[in-house]
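Residue numbers (the numbering used here), protein chains in the order written: chain A, -12 to 259; chain B, 13 to 291.
Quick caveat, the hints were computed from the structure, so don't treat them as lab data. Glycine is no exception: its CB is placed at the ideal position from the N, C-alpha and C atoms. Be aware that a few hints might be false.
[Stated by the list, open to error] Across the chosen pairs, the derived CB separations fall in these ranges:
{"id": "1", "chain 1": "A", "residue 1": "Asp83", "chain 2": "B", "residue 2": "Trp256", "range": "52 to 60 Å"}
{"id": "2", "chain 1": "A", "residue 1": "Glu220", "chain 2": "B", "residue 2": "Asp106", "range": "30 to 38 Å"}
{"id": "3", "chain 1": "A", "residue 1": "Leu104", "chain 2": "B", "residue 2": "Glu14", "range": "50 to 58 Å"}
[What the hints assert, rightly or not] Residues from chain A that face chain B, not an exhaustive set, calculated with beta carbons under 10 Å:
{"id": "4", "residue": "Phe49"}
{"id": "5", "residue": "Pro52"}
{"id": "6", "residue": "Glu80"}
{"id": "7", "residue": "Glu135"}
Each chain, letter by letter, is given below.
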Amino acid sequence: MASYPDPPPSAERICVSHLCVSYHGVVALHDVTLTVKAGIICGLVGTNGAGKSTLFKALMGFVRPSQGEISINGLPLRQALRRQAVAYVPQMESVDWNFPIHVANVVMMGRYGGMNLLRIPGRDDHRAVRESLERVELWPLRHRQIGELSGGQRKRAFLARALAQGASVLLLDEPFAGVDIRTERLMIELFQQFRAEGRTLLISTHDLSHVTGFCDEVVLINKTVLAYGDTSEVFTEENLARTFGGSPAQRLTSPSLAPRPEPGREPWGSER
Amino acid sequence: MEPLSWLLEPLRHDFMVRALLVSALVAGVCGLLSCFMTLKGWALMGDAVSHAVMPGVVIAYALNLPFALGAFVFGVGSVAVIGYIKQTTRIKEDAVIGLVFTGFFALGLTLISKVRSTIDLTHILFGNVLGISGDDIRQTVLISVLVLVLLLLFRRDLILFCFDPTHARSIGLNTGFLHYLLLSVLSLAAVAGLQTVGIILVVAMLVTPGATAYLLTDRFDRMTWIAIGSAVLSSALGIYWSYWMDASTAGCIVLVQTGLFLLSFLFAPRHGLLAQRRR
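Looking at chain A on its own, in the form it has when it is part of the complex (with noise of 0.2 Å):
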């Protein structure tokens, strides 16, 4: 994809330092400091409003630090945004999926930031979109209104519309809720081809399995950062302990694993 990637690897993709956020004087975030370097998978793990979408707005540059910066690619956040460097992949529930639009549709949207005012499509645009749909196997259904694609269609297509944008860091919000095994799998290699090409990936997650899993580093949030670096590193008890206030680790994977379902295996199924 022809606007991608700025950097070599190994260089830094994410820079974060010092930065504070608060909404009408309650603090959001306060301190952050943070370097994710290129082609990283990440896992930003904490409770509800401990900032994880907080932070994933600051990169996204729609809260106003009130101090501290942050830099993607090396450039100011301004500017990598202009350059559609950051891609935001929303969670599945947020969407609406009667929009009367289709898949190709939805993964065209990624090119338009680089499109003239009028927003048509040209050569390249039309390429991308074809590359990305065929990327996570979607080419055959692209004339699909998305609200006729299965769960795992459904993330692969959003998945494209990022890889349209050309986008070198991509912000996943809960990727894999309410996602089956295979298709989590599914995602989980795309998400190693990405890591190949030399994009990070920053993925927002409670459930403590995925991190230790695939991610290569970590960042245990919680107002600010608690810890941060290599999974085996960061994963203690004492951190996790720290990250979701003192109760213990093991109780908090439980429950977030418990409810995923298992495709072709019922708890009752071999009774019948």
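Given chain A's structure and the hints, the job is docking chain B onto it.
Coordinates of chain B only, in the frame set by chain A:
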């Protein structure tokens, strides 16, 4: 009566031809906008804005200004007030919308009863497309064309804004601008619609065709064509019907629109009631 004379006889009157043309234009433009309103979930906002423009129209008439200007200021102003109250208090949005637009509407009613002018209250409330004056036609056409051009120019951005504002903003689109653009267009369309069906029923023009079309297709392009088509058809049929029955024009237009919606609600091939039952 013969169908042909049913169609042709009313066309001998200039006022009927004018009414048919003006309301077809207005209905088409409102129909296009109604797609965005339906998808954005702004039906209530449409109701609010259309009522809130009333004091603007009265003041503009009294000061001899174009009524579109007054309507625009009060339409956008009401939404700004709604946003401000919602942000600064704990009152929920539907309550804020309800109290703000009724407040504006009441101001309009009071003004109209005190300000000496040639405005007829019932014309504002229920429209007066059969008696529309040359000056009003010019303004209505101008507004409609302006709305049409804006909607066509920013069509793709507005679709994205309705579908996924977060993404729109993250790739550098000015969502604040798009928000106010859609609101401005809504205020303008409300004034145009006011001429044909009046303040009370204009929200039907801004919602019903979009809702009808939404049940019939899963493509935005087709949705706009169906909405425009059903709106233009409704306005024409409604005017004929009101002519032959000597009934309220606004009432007839909106009744036809509602009838078309009911048909689509029942018989839409995939999202209609019968299709869903069969499944």
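In ascending order, which of the hints set out earlier in this document are inconsistent with the structure? Hints 1, 2, 5, 6 not satisfied by this model.
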